[in-house]
Amino acid sequence: MKPFPQIALFLLAALAMVSAPARAADPSAEEIVKRSLEAFYYAGNDMRSKVHMKLINPQGNVREREMTMLRINLGKSGDQRYYIYFHGPADVKGTSFLVWKYPGKESDRWIYVPALKLVKRIAADDKRSSFVGSDFTYEDVSGRNLEDETHVLVRKEDLGGRPAYVVESRPKAAVDYSRRLSWVDRERWLPLKEEYFDARNEPLRTFTAEKIEQTGKYWSVTMRAMKNLQSGHHTEVFFREVGYDMGLKQDIFTERYLRDAPSQWVR
Amino acid sequence: MITGMSRAVHAVAASLAAASLALASFVATGAEGVAWDGFAQSHVAGRTSRVDCPSGTACDFPAAELRGQLKAEGKNSPGNAAFLGRFDLLRDAAVDDTRLVTRELSGDLISEKASVRLGRQVITWGVGDLLFINDTFPRDWVAMFTGQPMQYLKLGSDALKLNAFPGPANFELVIAGFRPDNTPTSRRFIFADPLPAGLPRRTLEPGNDTGEVEISGRVSGYLANWELAGYVSRTHYRSPAWRVTGSEIVGTYPRLNTVGASLTGPVGKGVLSLEAGYYDSPQDRGGRDPAIENSQFKGLIGYSRQLWEDATLGLQLYGEWMRDYAAYRETLPAGFPVKDRLRKVATVRFTQLFAHQTVTFNLFAFLGLSEEDRYIIPSLRYAFSDNLWAEVGANLFGGNRNGMFGSMQDNSNIYLTVRYAF
Numbered sequence: 001m002k003p004f005p006q007i008a009l010f011l012l013a014a015l016a017m018v019s020a021p022a023r024a025a026d027p028s029a030e031e032i033v034k035r036s037l038e039a040f041y042y043a044g045n046d047m048r049s050k051v052h053m054k055l056i057n058p059q060g061n062v063r064e065r066e067m068t069m070l071r072i073n074l075g076k077s078g079d080q081r082y083y084i085y086f087h088g089p090a091d092v093k094g095t096s097f098l099v100w101k102y103p104g105k106e107s108d109r110w111i112y113v114p115a116l117k118l119v120k121r122i123a124a125d126d127k128r129s130s131f132v133g134s135d136f137t138y139e140d141v142s143g144r145n146l147e148d149e150t151h152v153l154v155r156k157e158d159l160g161g162r163p164a165y166v167v168e169s170r171p172k173a174a175v176d177y178s179r180r181l182s183w184v185d186r187e188r189w190l191p192l193k194e195e196y197f198d199a200r201n202e203p204l205r206t207f208t209a210e211k212i213e214q215t216g217k218y219w220s221v222t223m224r225a226m227k228n229l230q231s232g233h234h235t236e237v238f239f240r241e242v243g244y245d246m247g248l249k250q251d252i253f254t255e256r257y258l259r260d261a262p263s264q265w266v267r
Numbered sequence: 001m002i003t004g005m006s007r008a009v010h011a012v013a014a015s016l017a018a019a020s021l022a023l024a025s026f027v028a029t030g031a032e033g034v035a036w037d038g039f040a041q042s043h044v045a046g047r048t049s050r051v052d053c054p055s056g057t058a059c060d061f062p063a064a065e066l067r068g069q070l071k072a073e074g075k076n077s078p079g080n081a082a083f084l085g086r087f088d089l090l091r092d093a094a095v096d097d098t099r100l101v102t103r104e105l106s107g108d109l110i111s112e113k114a115s116v117r118l119g120r121q122v123i124t125w126g127v128g129d130l131l132f133i134n135d136t137f138p139r140d141w142v143a144m145f146t147g148q149p150m151q152y153l154k155l156g157s158d159a160l161k162l163n164a165f166p167g168p169a170n171f172e173l174v175i176a177g178f179r180p181d182n183t184p185t186s187r188r189f190i191f192a193d194p195l196p197a198g199l200p201r202r203t204l205e206p207g208n209d210t211g212e213v214e215i216s217g218r219v220s221g222y223l224a225n226w227e228l229a230g231y232v233s234r235t236h237y238r239s240p241a242w243r244v245t246g247s248e249i250v251g252t253y254p255r256l257n258t259v260g261a262s263l264t265g266p267v268g269k270g271v272l273s274l275e276a277g278y279y280d281s282p283q284d285r286g287g288r289d290p291a292i293e294n295s296q297f298k299g300l301i302g303y304s305r306q307l308w309e310d311a312t313l314g315l316q317l318y319g320e321w322m323r324d325y326a327a328y329r330e331t332l333p334a335g336f337p338v339k340d341r342l343r344k345v346a347t348v349r350f351t352q353l354f355a356h357q358t359v360t361f362n363l364f365a366f367l368g369l370s371e372e373d374r375y376i377i378p379s380l381r382y383a384f385s386d387n388l389w390a391e392v393g394a395n396l397f398g399g400n401r402n403g404m405f406g407s408m409q410d411n412s413n414i415y416l417t418v419r420y421a422f
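Protein chains in written order, with our numbering: chain A, 1 to 267; chain B, 1 to 422.
Keep in mind the hints are simulated off the structure, nothing from the lab.
Hints are not guaranteed to be accurate.
[Unchecked claim] Covered stretches of chain B, going by a simulated chain A footprint (3 or more residues, C-beta under 8 Å):
1) 146 to 157
2) 213 to 225
3) 261 to 272
4) 355 to 365
[What the hints assert, rightly or not] Some residues of chain B that are not near chain A, with every Cβ distance over 10 Å (derived):
5) Leu-66
6) Asp-88
7) Phe-191
8) Gly-198
9) Ile-301
10) Gly-319
11) Val-392
In this text, a Cβ means the ideal position worked out from N, Cα and C, and glycines have one as well.
With the rest of the complex left out, here is chain B (with noise of 0.2 Å):
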């Protein structure tokens, strides 16, 4: 709580910092003019599955919110110092709850060859369609496994970001402070749950003053029209690593290493991806503690293309090869599922356009060949007009319960999101 406190205040005076700084230099050179931009949207995701909740979980609807956003942006007329504030007001009634979301809040200082971005930011790596190695930064599963719409998939860091470009390559340093991803809970969700029921929780958040700043570093450059990029992080696992101490149960995020590279360029009349990385558990270097991830490589294979006009499939394949599986299968406590120790999944994804791109089907399918289950998402959306959009669709998860899928069966849903920008 404490953590978090500070935590809270670190991102309040990052962002006040960022915010000043701009002011500061749209006061000393003038503005260009501030740009506003919004939308209201409403969301809903039903349950699809009769199960019974426990009491205090969303149940019928894990999803049922209306929100507005207010975006303004603006630069100064040199072009060398911009901000941008995206701000959420949220009526969330799955879980009764209005509140205010600093969505991004950053300035920016700009030259020809380099640039500083201080304040709460969206960052993002590598180069998978929905599949993260290299981009450790924070996400929102609980987005994604409600329906909605893709930018809510990321969370911003609060971190200060420098990019040089002194020629051929692009350096990218991101320093920034802990957040831990928005991971599913029994608020919304259902799902087996190994530990011990009764005992309070609670989690351990890395502070910022503790040596444990969070360090990324990511170069890249053009090799003819290849793209090529390395990536190193020194930063933390963003889901909680629970363990029973006495009377309750304590979850802290370990220490995370990460060092990789991706590749992408044209193949045939499609584009090939590529990406690997090796995920260092310092805490854990034997792999014997059952809390935290064993160091894993992890690498993917991506392949897309135009099938016809306005249609597009693209294929992956991932997988994640644990180093000390013996170390993990001695030390797993019974009742946990045990992870085979190479994970192999596959993606799907197509779209099709239609009605002069007006209308959208898109239809995204994990299917984790390694645990026997899957994650269906298909989707149709209709643009009314350059400002009103709705989309239907689903978050279907089936087969083997042990899965990282398949644990989350019981809450497929089907959602619907209407919104209006202006």
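Isolated chain A, as found in the complex (with noise of 0.2 Å):
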């Protein structure tokens, strides 16, 4: 009765020799999505930065939004919290955003109205809502869940001189689209484009990373756009002075900083 085990041992032994350098090479599917959501969303213990977004319509006409975006991520569990301060245009000037986002529930959501000093709580069963009406959704700005789709490695292609996966995704309940295929990037882990279907399998939406650019360990998509190819309508996003881990506190993620912008970081 002896033997067995140790040959049992040898032979998981040699099974994991010859499937580690296999993994290695090849992660799956669901493992190159969790890592691109990772240094997409999630990157450092919090981030700054001045985000600049401009809204074209097919006939040109530009509108333009001028933000702070301000993230903390708490701990291991995916929660997040993101503050979003508007500094333009005058219309809206001192709007700003608290979005508390936990994976797998829907997030908490305030605003803040300046002309009234109101708070108000909002609902929040709309995360394929457009963000302040570009062609980005609430989740294109903060993330996905792993699990709300199904994912399968398609193919490796260099795209724009980078070597990436190309992954089909495909949402488990009924949403705008029926499939995605992202292009990550293979050692950044970094979406460089993503394209959209909807259910007819027409193309429906595609992001592109314009510009990538690294901020000491990170490397962040600073450029960024968005386009609807069915509308012809698209938006382009800047993002400028970006850090990370810059030690933002918690209680800045909370209605007395709605109210107030913390000026250290809100400028």
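From the two separate chains plus the hints, produce the assembled complex.
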């Protein structure tokens, strides 16, 4: 009876030796998407950036939004908090948003209306809704859940000189798209491009990472674009003054600072 | 008149003190720069019904104005002192008046654990949508009933506001001079008036130096992702209680104490809001003075959620329950409409955004369940650019003329607002 466990151990070790290099070469589709979400939405313990958004309609008319965005990660749970302050346009200046995001549960969201000094909690069952009228959804801004889609690794190819995995993801519940193809950088794990298709498999929206820069040890997509291929409307977003691990405190992400923007960070 | 003057003097003094406080801090620490913004706006509301107006009432157009707003704000470089000034210059053609209005003028001192704001400032409390229980700060009903943009619904308070943030709870204390609501008068509105006609009227406002100062407090905090708040207020009713005294009619602002609480948090895929409060009329504890509001319990429950992309539905149920109903019924003078003991109002808000949120359709309706009246406010706004928007809408009153909303039905109007912001 004694040799059996030894043989079993030997076999297990041999198996591990064979499969380990294979896994390193080709992580699962879930692993790729998970690492991509972490790199894109969770980099650092906290993040601060100025965000300039250009909303461009098919006639070429441009509307602009100037914001400061703050984010903090709360430990390993995946919970995050976002603070977004609008510097412009003039009519919405001073408006701010607070989002408490939980994986697998609807976010809590508040808006501050400066003219009325009013803080209002808003119904947040709209992660697929447009963020401030742009072609980006709330989910595009603050991240989606890995488990909301099934993922398949389609192929590996270079895109714009970067090595990339191409992953196809299909939402489990019915949403505005039926599938999306993502090109994920094999070294930096950032999404380089995403193509969304509608229920009839027609191209719907395309995301492109136009510019990627390094801040400390983190890579960020500092210029991104989302084009609605069916309406012709598109949105360009520029991230400036990106900083990670700035030492943001959790209490910035509460009603107090929603009413009084934290001047150290919001300028 | 004298109290009005003294109030104005107090307000100016407080605002000047606030401004000089902030300016002193600026000079001492160096300003980050002053930001100037503003807008030009035209607003016209036309009465929808042909009615015979008494002479002296703006009949066809209860609102017709051209307004320019200039806002200046600044913060010093360390971020511990700030100021805000918001001024409107207004040509009000409906009542043939031109005036400069200080909407806000305040200075702030800010530290990590506390802040102070002194001067004229807008304060909004509570969780109701166009229903106010624990927010007893001054409001502008004329602006509301003529379709002015939402920001004109509140009037600034001349106040000292102290905030403390010691830890899990936030404390807010507001010490304010009295300021009445801007209530509808016969200058722009038509409604049945049970008081004798022909007698001169005047109002007597509470002063600031006779122990009549107003004090309000609020404590708020989170319990997980629910927000709880408790409120107390030592204040005054902000619409006049009229009394015939010999040869004239005198309006006073009776004392009011309130205490209450609110709660808001996620339920299902929407947001649930609860608020309740008790209104104590200390000058009429027995409820036998018909000029003074009976002490009341007030409560509301609201729920709002998204229906589909860019569309939100909000529902509220609101009730006021008179404490001394028998005394109210016994002392109510002849000719006044009788209110129910429990006055119930439901509200509906539906908002839909179109075309990348450049078009906003909004419908708000007050439905008087007890008084069988209604007040419906539909509006459609289009933002031509980041700077220019126009809104058409209506204020439609209807139903039982004895109800609060029904009594306004000769004042239904359609309005147009155009604003250019810079």
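Taking the hints in turn, this is what the structure says about them:
With a cut-off of 8 Å between beta carbons, the stretch 146 to 157 of chain B has 4 residues touching chain A; three or more are needed, and the interface restraint holds. Given as covered by chain A, the stretch 213 to 225 of chain B passes the check, having 3 residues with a CB less than 8 Å from a CB of that chain where 3 are the minimum. Counting residues of the stretch 261 to 272 of chain B whose beta carbon lies closer than 8 Å to any beta carbon of chain A gives 6, which meets the minimum of three for the stated coverage. Closer than 8 Å: that is the beta-carbon criterion, and the stretch 355 to 365 of chain B has 3 residues meeting it against chain A, so the requirement of 3 holds.
Non-interface status of Leu-66/B relative to chain A is upheld: no Cβ of that chain comes within 10 Å, the nearest being about 18 Å off. Every C-beta of chain A lies more than 10 Å from that of Asp-88/B, the closest at about 12 Å, which supports listing it as non-interface. Under the 10 Å C-beta cut-off, the non-interface status given to Phe-191/B relative to chain A holds; the minimum distance is some 27 Å. For Gly-198/B, the shortest C-beta to C-beta distance to chain A comes to about 40 Å, beyond the 10 Å cut-off, and the non-interface label holds.
Distance to chain A confirms Ile-301/B as a non-interface residue, since its nearest Cβ pair spans about 15 Å, more than 10 Å. No beta-carbon of chain A comes within 10 Å of the beta-carbon of Gly-319/B; the shortest separation is about 22 Å. Look at Val-392/B: its CB is around 18 Å from the nearest CB on chain A, clear of 10 Å, so calling it non-interface holds up.
Of the hints listed earlier, there is not a single one the structure fails to meet.
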